[in-house]
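Enquirer: One-letter residues, chain by chain:
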Amino acid sequence: MKYATKRRSRVALAAGGAALALSLLVGCSVPGAGSGDGSSSFKISMYDPVNLTPANTWDYNLSKMLFTTPMDLDAETGEPVPAAAKSVESDDQLTWTITLQDGWKFHNGEPVTSASFIRAWNAAALGKNAWLQNGSFNKIAGYADLNPAEGEATTTELSGLTEVSETEFTVTLTEPFGLFPYLLTSNAFAPMPEAAFEDIDGFGKKPIGNGPYSIDNAYEPNQPVDVTRFDEYQGKAGNAEKITFVPYQSQDTAFNDLLAGNLDIVYPVPPDRLAEVDGLVDGRTAVSKIPNLNYLGLPLWDERFADVKVRQALSLAIDRDAFTEKILNGAGAPASSIAPDTVVGAQEGVCDACTYDPERAKQLLEEAGGWSGEMVLYGDQYAGRDQELQAMANQFKKVLGIDDVTFELSSYAKHAEIVDAKQAQGPFQLYMGAYYPHVSDFLGPLVTTDGYGNKTGYSNPKVDELVAQANALPVEEGLPLFEEAERLLWEDQPIIPLYYGYYTAAWSENVKSVPVGFSGLGDLRDVQVN
Amino acid sequence: MAGYIFKRLLQVIPVFLGTTFLIFVVVYALPGDPIAALGGGKQHLSPSVYNELRQRYNLDDPLLVQYGKYMLNLFQGNFGTDFQGHEVSAIIARNWPTSIMLGATAWAMQVIVGIPLGVWAALNRGRFPDHLVGIVTTLAFAVPVFVVAYVSQIVFGVQLKWFPVAGVSAGWPVAFIVPAAALAIMGLAATARLTRSSLIENLQSDYVRTAIAKGMPRRRVVTNHALRNSLIPVVTFLGIEFGALMGGAIIIEGIFNLPGLGNQIFLAIGQQNGPTVVGISTLLVIVFLVVNLLVDVLYAYLDPRIRHA
Numbered sequence: 001m002k003y004a005t006k007r008r009s010r011v012a013l014a015a016g017g018a019a020l021a022l023s024l025l026v027g028c029s030v031p032g033a034g035s036g037d038g039s040s041s042f043k044i045s046m047y048d049p050v051n052l053t054p055a056n057t058w059d060y061n062l063s064k065m066l067f068t069t070p071m072d073l074d075a076e077t078g079e080p081v082p083a084a085a086k087s088v089e090s091d092d093q094l095t096w097t098i099t100l101q102d103g104w105k106f107h108n109g110e111p112v113t114s115a116s117f118i119r120a121w122n123a124a125a126l127g128k129n130a131w132l133q134n135g136s137f138n139k140i141a142g143y144a145d146l147n148p149a150e151g152e153a154t155t156t157e158l159s160g161l162t163e164v165s166e167t168e169f170t171v172t173l174t175e176p177f178g179l180f181p182y183l184l185t186s187n188a189f190a191p192m193p194e195a196a197f198e199d200i201d202g203f204g205k206k207p208i209g210n211g212p213y214s215i216d217n218a219y220e221p222n223q224p225v226d227v228t229r230f231d232e233y234q235g236k237a238g239n240a241e242k243i244t245f246v247p248y249q250s251q252d253t254a255f256n257d258l259l260a261g262n263l264d265i266v267y268p269v270p271p272d273r274l275a276e277v278d279g280l281v282d283g284r285t286a287v288s289k290i291p292n293l294n295y296l297g298l299p300l301w302d303e304r305f306a307d308v309k310v311r312q313a314l315s316l317a318i319d320r321d322a323f324t325e326k327i328l329n330g331a332g333a334p335a336s337s338i339a340p341d342t343v344v345g346a347q348e349g350v351c352d353a354c355t356y357d358p359e360r361a362k363q364l365l366e367e368a369g370g371w372s373g374e375m376v377l378y379g380d381q382y383a384g385r386d387q388e389l390q391a392m393a394n395q396f397k398k399v400l401g402i403d404d405v406t407f408e409l410s411s412y413a414k415h416a417e418i419v420d421a422k423q424a425q426g427p428f429q430l431y432m433g434a435y436y437p438h439v440s441d442f443l444g445p446l447v448t449t450d451g452y453g454n455k456t457g458y459s460n461p462k463v464d465e466l467v468a469q470a471n472a473l474p475v476e477e478g479l480p481l482f483e484e485a486e487r488l489l490w491e492d493q494p495i496i497p498l499y500y501g502y503y504t505a506a507w508s509e510n511v512k513s514v515p516v517g518f519s520g521l522g523d524l525r526d527v528q529v530n
Numbered sequence: 001m002a003g004y005i006f007k008r009l010l011q012v013i014p015v016f017l018g019t020t021f022l023i024f025v026v027v028y029a030l031p032g033d034p035i036a037a038l039g040g041g042k043q044h045l046s047p048s049v050y051n052e053l054r055q056r057y058n059l060d061d062p063l064l065v066q067y068g069k070y071m072l073n074l075f076q077g078n079f080g081t082d083f084q085g086h087e088v089s090a091i092i093a094r095n096w097p098t099s100i101m102l103g104a105t106a107w108a109m110q111v112i113v114g115i116p117l118g119v120w121a122a123l124n125r126g127r128f129p130d131h132l133v134g135i136v137t138t139l140a141f142a143v144p145v146f147v148v149a150y151v152s153q154i155v156f157g158v159q160l161k162w163f164p165v166a167g168v169s170a171g172w173p174v175a176f177i178v179p180a181a182a183l184a185i186m187g188l189a190a191t192a193r194l195t196r197s198s199l200i201e202n203l204q205s206d207y208v209r210t211a212i213a214k215g216m217p218r219r220r221v222v223t224n225h226a227l228r229n230s231l232i233p234v235v236t237f238l239g240i241e242f243g244a245l246m247g248g249a250i251i252i253e254g255i256f257n258l259p260g261l262g263n264q265i266f267l268a269i270g271q272q273n274g275p276t277v278v279g280i281s282t283l284l285v286i287v288f289l290v291v292n293l294l295v296d297v298l299y300a301y302l303d304p305r306i307r308h309a
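If you read the protein sequences in the order shown, they are chains A and B.
Each step along the first sequence adds one to the number in the UniProt record's numbering, with nothing skipped, and position 30 is 30.
Each step along the second sequence adds one to the number in the UniProt record's numbering, with nothing skipped, and position 34 is 34.
These are calculated hints, taken from the structure and not from any lab test.
There may be inaccurate statements among the hints.
According to the in silico footprint, chain A covers these stretches of chain B (three or more CB under 8 angstroms from chain A) [what the hints assert, rightly or not]:
(1) 159 to 170
(2) 261 to 269
Under 7 angstroms between C-beta atoms, here's a sample of chain B residues computed to sit facing chain A [what the hints assert, rightly or not]:
(3) Glu52
(4) Leu53
(5) Pro129
(6) Thr223
(7) His225
(8) Asn257
Every residue, glycine too, gets a C-beta built ideally from N, C-alpha and C.
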């Protein structure tokens, strides 16, 4: 599956290059003729972005067209490659030098300089501005001063940012972090022009970016947004001249709109329509393996889960292959480690107890003294969650003989509250989406003692130390330490990996192919319109 | 009459305060923290941003204080801002026209189709048309609105391609016909039933018998005597229904991706965006109260007995 996907995107790239060359030739030999892709455009579904200031939104696809961040993820390898920056370098992983590309301009003509970045990052890091992605800046020196626990901040500038020249600035972190270039692929680190700060609310609706496309109409909640190719863009230009992003409340409606021919790309296809997708859009689909993990957290504060054998027995009792096939209709792969194989540093199969082995499960539970009493499974009300939990309950019943399994399904927010307050009295379903496709962004948040996504209360000083050490090293040097940390982790089995969720994109006959990438849809600049 | 209207106006105030307070309580008592929900699935809001936002939206005040602050703003015509900094009044102003168009179209369908269906059934009482209307209206009551909406979207939008699947780019009336029909179907069934039973009752009344005995043509008896009186409860129902249609479009607007108030509430509930939910609901309460008031006044005008009751 993985190779099929990759090959498809490579083929698309080659075809794109040929088409571009051809259209250039045609454009030269026949003056005045409309070039083949001159008026090309496509319509794509999106979630309502709410705001378009780069560090104040969770939007991804539209933002990527409006802004270019210092680094970008390579479509093939998932590794950071220079985009708005010429280079991002460091000798000690503590102080990073960012050198910008020459001659780049914002859509209003303002040059993109070091100041454009420093200005944007300072505003995003200032707690008082309350921008959603403020937390992304917490590794930069001076962040704490802009976000005091009590009272007002005394300064509005990150002490770790220093302008060297118009095209060069340095970033000093609070501690060495070899994965800093990965962070710079996040939209939170996009630059902002001076004009943005004259009317920041207006900018959130109609941003002036430095990306391959500029926005035509100000964003209004739940209204389509049109963008047009920015001709002065110095990076890779998009194929389509115009893209329309259409927000949908319901992905079902978006999919129906695609079938009726009113939409060109739907992402993602609603999970309950995956079964019919092949018959409806024959061959016009692609699967994206977003860096994520669906898992069961275990309440380590509950003494019934204190014995690792109990935890491993529960994990061994789950038939993940049947689960992904029957419950998910193939919209996910069985998880056998903390991160899917498209992620740098992932080690498929390293979790010894993440396979289906009913005999061993039974034996381990017996060795641990068996299970007595009720078991409650906790989940949110995401569509289909009840089926997922029911399937697991059946297996705990069938394989381990735990008869009394009940559910507690709550709204997303309530579920989060139960889990955060450590009120769960049994395994709780959780989803983890990583910011970038590197195993560091799974291990750090999920299983280190202070990780923001650590909901089990798991704490292993050795794991913490290894992850901290690995984070401080350049990427390649850190990998063995991450691997060792993960091996230690599975000796304790604080969580039960279930599956890596897939998203499916589907497209209309107007579009040749749609690339998928490491965080969902691939680079929309590569989309070829027929 | 003036006294009646004044008394009726006074009643509106406690009803308004009561309903808005209830909405407020329900929205703010929803489990889960609305600011944490802003963090997306990532639980990654930094503590400083979290605290700043809670403060900005008075979320740490006791509920009564929050309600008081909200009402004070509201009486100055200020619906406040949502948790993302958008003016709720701007959201309302932008989405209002779509909801009115949808509601009015659905309402017109109820009048144009519902009343004649009821009359047809009543005049053919016990015969085939009556049974047919009975079956069709029962079906309309029984099938959930969202099922009607999804099925009609797939049949008329995706398969037959007669109407757009979603959105308003095709303009009125084309873009509104299918969603309005889905929205109208239940009220339409109710209108037909109400017209039918009301007309049957009147056709059996003494004054109709007298008119027939005098030798008046049946057609005139039905239209001039029986139907006019029979429509009084129907008009009342349709009046209230107009208010209900404004607010009842939450599911329909979501499914057909119409940028109306219902869609905004749909979105806001998902985001736990309390100010938007309360703002739009409050507005709908106002609309509902005003329509109700008008209906009562009209009713009192038509039937003097009500004024003195």
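Enquirer: Does each hint fit the structure? Answer for all of them.
Expert: Hints, verified against the model:
no.: 1; hint: 159 to 170; result: holds (count 5)
no.: 2; hint: 261 to 269; result: holds (count 4)
no.: 3; hint: Glu52; result: holds (4 angstroms)
no.: 4; hint: Leu53; result: holds (5 angstroms)
no.: 5; hint: Pro129; result: violated (35 angstroms)
no.: 6; hint: Thr223; result: violated (44 angstroms)
no.: 7; hint: His225; result: violated (49 angstroms)
no.: 8; hint: Asn257; result: holds (5 angstroms)
Checked against the numbered hints given earlier, the structure breaks hints 5, 6 and 7 and satisfies all the rest.
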